[in-house]
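Given next are the chains, with one letter for each unit.
There are 2 protein chains.
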Amino acid sequence: MTELKNDRFLRALARQPVDRTPVWMMRQAGRYLPEYRKIRNQAGDFMSLCKNTDLACEVALQPIDRFNFDAAILFSDILTIPDAMGLGLYFVEGEGPKFHKPLRTETDINDLNIVDTKRDLKYVTDAVSLIRRELNGRVPLIGFSGSPWTLATYMIEGQSSRDFPNIKMMLYKQPESLHQLLDKLALSVINYLNAQISSGAQAVQIFDTWGGVLSHDAYAEFSLAYMEKIVNGLVRHSEGRDVPVILFTKGGGQWLELLADTGCDGIGLDWTTDIGSARRRVGDRVALQGNMDPAVLRSDQSSIEYQVKSILQSYGTGVGHIFNLGHGITPDIDPNNVKAFVDAVHQYSQR
Amino acid sequence: MTELKNDRFLRALARQPVDRTPVWMMRQAGRYLPEYRKIRNQAGDFMSLCKNTDLACEVALQPIDRFNFDAAILFSDILTIPDAMGLGLYFVEGEGPKFHKPLRTETDINDLNIVDTKRDLKYVTDAVSLIRRELNGRVPLIGFSGSPWTLATYMIEGQSSRDFPNIKMMLYKQPESLHQLLDKLALSVINYLNAQISSGAQAVQIFDTWGGVLSHDAYAEFSLAYMEKIVNGLVRHSEGRDVPVILFTKGGGQWLELLADTGCDGIGLDWTTDIGSARRRVGDRVALQGNMDPAVLRSDQSSIEYQVKSILQSYGTGVGHIFNLGHGITPDIDPNNVKAFVDAVHQYSQR
Numbered sequence: 170m171t172e173l174k175n176d177r178f179l180r181a182l183a184r185q186p187v188d189r190t191p192v193w194m195m196r197q198a199g200r201y202l203p204e205y206r207k208i209r210n211q212a213g214d215f216m217s218l219c220k221n222t223d224l225a226c227e228v229a230l231q232p233i234d235r236f237n238f239d240a241a242i243l244f245s246d247i248l249t250i251p252d253a254m255g256l257g258l259y260f261v262e263g264e265g266p267k268f269h270k271p272l273r274t275e276t277d278i279n280d281l282n283i284v285d286t287k288r289d290l291k292y293v294t295d296a297v298s299l300i301r302r303e304l305n306g307r308v309p310l311i312g313f314s315g316s317p318w319t320l321a322t323y324m325i326e327g328q329s330s331r332d333f334p335n336i337k338m339m340l341y342k343q344p345e346s347l348h349q350l351l352d353k354l355a356l357s358v359i360n361y362l363n364a365q366i367s368s369g370a371q372a373v374q375i376f377d378t379w380g381g382v383l384s385h386d387a388y389a390e391f392s393l394a395y396m397e398k399i400v401n402g403l404v405r406h407s408e409g410r411d412v413p414v415i416l417f418t419k420g421g422g423q424w425l426e427l428l429a430d431t432g433c434d435g436i437g438l439d440w441t442t443d444i445g446s447a448r449r450r451v452g453d454r455v456a457l458q459g460n461m462d463p464a465v466l467r468s469d470q471s472s473i474e475y476q477v478k479s480i481l482q483s484y485g486t487g488v489g490h491i492f493n494l495g496h497g498i499t500p501d502i503d504p505n506n507v508k509a510f511v512d513a514v515h516q517y518s519q520r
Numbered sequence: 170m171t172e173l174k175n176d177r178f179l180r181a182l183a184r185q186p187v188d189r190t191p192v193w194m195m196r197q198a199g200r201y202l203p204e205y206r207k208i209r210n211q212a213g214d215f216m217s218l219c220k221n222t223d224l225a226c227e228v229a230l231q232p233i234d235r236f237n238f239d240a241a242i243l244f245s246d247i248l249t250i251p252d253a254m255g256l257g258l259y260f261v262e263g264e265g266p267k268f269h270k271p272l273r274t275e276t277d278i279n280d281l282n283i284v285d286t287k288r289d290l291k292y293v294t295d296a297v298s299l300i301r302r303e304l305n306g307r308v309p310l311i312g313f314s315g316s317p318w319t320l321a322t323y324m325i326e327g328q329s330s331r332d333f334p335n336i337k338m339m340l341y342k343q344p345e346s347l348h349q350l351l352d353k354l355a356l357s358v359i360n361y362l363n364a365q366i367s368s369g370a371q372a373v374q375i376f377d378t379w380g381g382v383l384s385h386d387a388y389a390e391f392s393l394a395y396m397e398k399i400v401n402g403l404v405r406h407s408e409g410r411d412v413p414v415i416l417f418t419k420g421g422g423q424w425l426e427l428l429a430d431t432g433c434d435g436i437g438l439d440w441t442t443d444i445g446s447a448r449r450r451v452g453d454r455v456a457l458q459g460n461m462d463p464a465v466l467r468s469d470q471s472s473i474e475y476q477v478k479s480i481l482q483s484y485g486t487g488v489g490h491i492f493n494l495g496h497g498i499t500p501d502i503d504p505n506n507v508k509a510f511v512d513a514v515h516q517y518s519q520r
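If you read the protein sequences in the order shown, they are chains A and B. If you want our numbering, it's the 1-based position in the first sequence plus 169. If you want our numbering, it's the 1-based position in the second sequence plus 169.
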C-alpha cells in the first residue's frame, strides 16, 4: 500500500499533535458540486450512482481534487444494508429514501437474514477498494454505515418520518421484536464495516441520524447499546495502523459521556452543542468532530471565518479536534463558500 | 373571583409541597378527542375555531371535563401574533401553518407594528376571560405564546421548515435585521401575555418550538435573550397570587442552566432529557415540567404506567415537578390511554 501523505485526520483521532486542524465535511461529495450533478445525471438515479464503481469513485474524489480536505469518504448511502436485506430501497426526488417492502410484522423481522457483505454488497467494497487506490495516499478514506436504530426507523416506517409512530409503538409495546431487529442489524453492520476495513477503509463512522428522537433511557437501550456492540465487533487494527471509529448521533448532545463510554475513538457533534463544553465533559477520552451549523455556508466569507474561529477558540488548544459541519452540507451551497470554510479552518488552526 | 379548588399546578411551580404531582398535557384540547373533532367540524377551519369565543372555550374545557387534569390551557394557536401583524395565517391540512405574506425584505420588517392585543387580538383575551369564568375555579388557566424566535421562523420561512434556510441566512448574514424583528416580537409577546394575565390567565407558557435548531451561541443570542426579555416584562403578580412563567424550548436539553438563569419559574422538558439529571443541573431554582415521550401513549396501559413510574422515580421526591408530555399529544391517540396516563401520574405520585 502507498504511504499516507496526509495523516492529520488519523492523528487527530488518535489524540496526537497535528500541524493544523484536519477538516472534512459530511456529504462533501454531493449536489452542491456542479461536477457531481453532471455524473449524477449520467448515472441516472442515486442508487445507480452508488452501484457504479467507477462513477462512485469519481464523485468521492471530486471534493478531494477541488478542496484541501484532510479525509475522503466512501460514496454510498446509509440504507444499503436494508436494501441488501430485500426491502427494496428507492428514492423519490424531494421526499428522501423509501422502501418498497417496509417491515410490518414479527414474521418480517424473523425472516430477515444478516447481511453477508461479500455476497450482498460487493458494490460497496469494490468502491472502497477503487477509491482507496485512486486516492493514492493523498488522504485517508473513511468507511461508514447507518446505526442499527437509524436503519430500523426507515425499515419500519418505510421512509423518513417526523414522529416515528410505528417504530415507537414497537419500542414501547413489543420491545423484544425491536431488539431482535436491532441485533440482526448490529451484526450486519459489523460484517459490513469490517469488509470495508479489509477493503481499505482507514477509519469508519456510524451515522445515527435519528438517535436524537429517543428518550434518554430508550436511546441507551435501543441505539447506543447496538453502536457499542458494533464498536466491540470491529477490526480496530489494519495495515499496521489503528482503525478509529467515530460515532455520530444527531441530537445526541446530552449523551456525550455515554458515547465516550462505548470505546469509540471520536464523537461527531451536531451544531447545537458547544464544542468547548463537550470537551470538558468527555475530557481527552475521545476526539471530537464538528461542529459548524451547515447553514453558515449560506452566508459569506467573513461570516464563515468568524464562525470557524469561534469553534476553534471554543475547542481550545491541544489535540483531538477534527473540524466538520454539524450535519451534511445542503445542495444549495456555493462551492466558493466551501473553499472559504476549508481554508479558514487550516489558516486559523495553524500551530 | 371564585376561589381556586385545585392549586397543585401553581403550588408545584412555586416549589411548594403538593399531595400528588399535578399533570396536564400539551395540546390536551385536540383532535384525539371525538368531542373536539365534532366542534372543529362545526367551526370550519382551525382559525375560525380559535376566533369563536364560545367554541374555543368549549374545546378548552373538554379535556378538563373528561380527565382529572390539574390545569387548563387557553385554546389558541402560537401564530396569532404574526397573523395580527398582517401576515395572513392559514392552514393546509397535513402541512401545518402557512403565511400568505411571509417577510421577504428589510422593509417588510421595518413596516411591522408591535401588536396591541386589545385592538388586534381581542378574540384571544375574550377566550381567556370566558374559559376562566367557565372553569369556575376547578383548575388554574394557563395562557401562552410562541417565542419570538419561533414566531420569526414561520414569518420568514412562510411555513414549517426542516432546515430553516431563509431565517438562518439572515441570522448569519444580517443579524441586525433579525434582532430588529425579534425585538418587535418580544414587545408584542409581552403585550399579549400581559393582556392574557389581566384577562384571567393564572400562569403563562412560552413555546419555543424551534429554539433547538440553533447552535449554542445562536440560541443564547437569538432565542433565549428574547425569552428573558419577556420574562422581565411580564406582570408576575395578579389577583393576589404569583403568575408563574414556564419556558419550553423543544430540543433545549443542553441549555437548562441558561433557561433557569432567565428568572422563569418553570422549564418544560422534551422527552430526550432525563428529568433526574435535569433536576440535578438546575437544582431547586425552577420547577420542571414533563417529560414523557408522547409516543408512549400509542402503547398500552401497562407500558404507560411503567413509563410514568420511571419518570416519577427519576425526578425523585420533593417539590417542583409538573407532569406533562415532552411535546404535544398527537391526533391518533386513544383517549383511554390518556386516562391511563393521568390516573397513573396521580396514583403513583400520591404522597
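Do not rely on the hints blindly, as some may be mistaken.
Restraint-style ranges between C-beta atoms, simulated for each label pair [as the list claims (entries may be wrong)]:
#, chain 1, residue 1, chain 2, residue 2, range
1, A, Gly485, B, Asp503, 45 to 55 Å
2, A, Gln482, B, Gly257, 22 to 32 Å
3, B, Gly432, A, Ser471, 28 to 38 Å
4, B, Asp214, A, Asn282, 46 to 56 Å
Chain B stretches covered by chain A per the calculated footprint, using a threshold of three residues with CB under 8 Å from any CB of chain A [unchecked claim]:
#, region
5, 197-209
6, 220-228
7, 234-248
8, 289-295
9, 432-446
Since the hints were derived computationally from the structure, they do not count as laboratory data. For clarity, every value in this text was computed on a predicted model and none was experimentally measured. Glycine residues also receive a C-beta, built at the ideal position from the N, C-alpha and C atoms.
Results for each hint:
no. : hint                            : result
1   : A/Gly485 x B/Asp503: 45 to 55 Å : 52 Å, holds
2   : A/Gln482 x B/Gly257: 22 to 32 Å : 43 Å, violated
3   : B/Gly432 x A/Ser471: 28 to 38 Å : 35 Å, holds
4   : B/Asp214 x A/Asn282: 46 to 56 Å : 50 Å, holds
5   : 197-209                         : violated (count 0)
6   : 220-228                         : violated (count 0)
7   : 234-248                         : violated (count 0)
8   : 289-295                         : violated (count 0)
9   : 432-446                         : holds (count 5)
The structure shown violates the earlier hints numbered 2, 5, 6, 7, 8.
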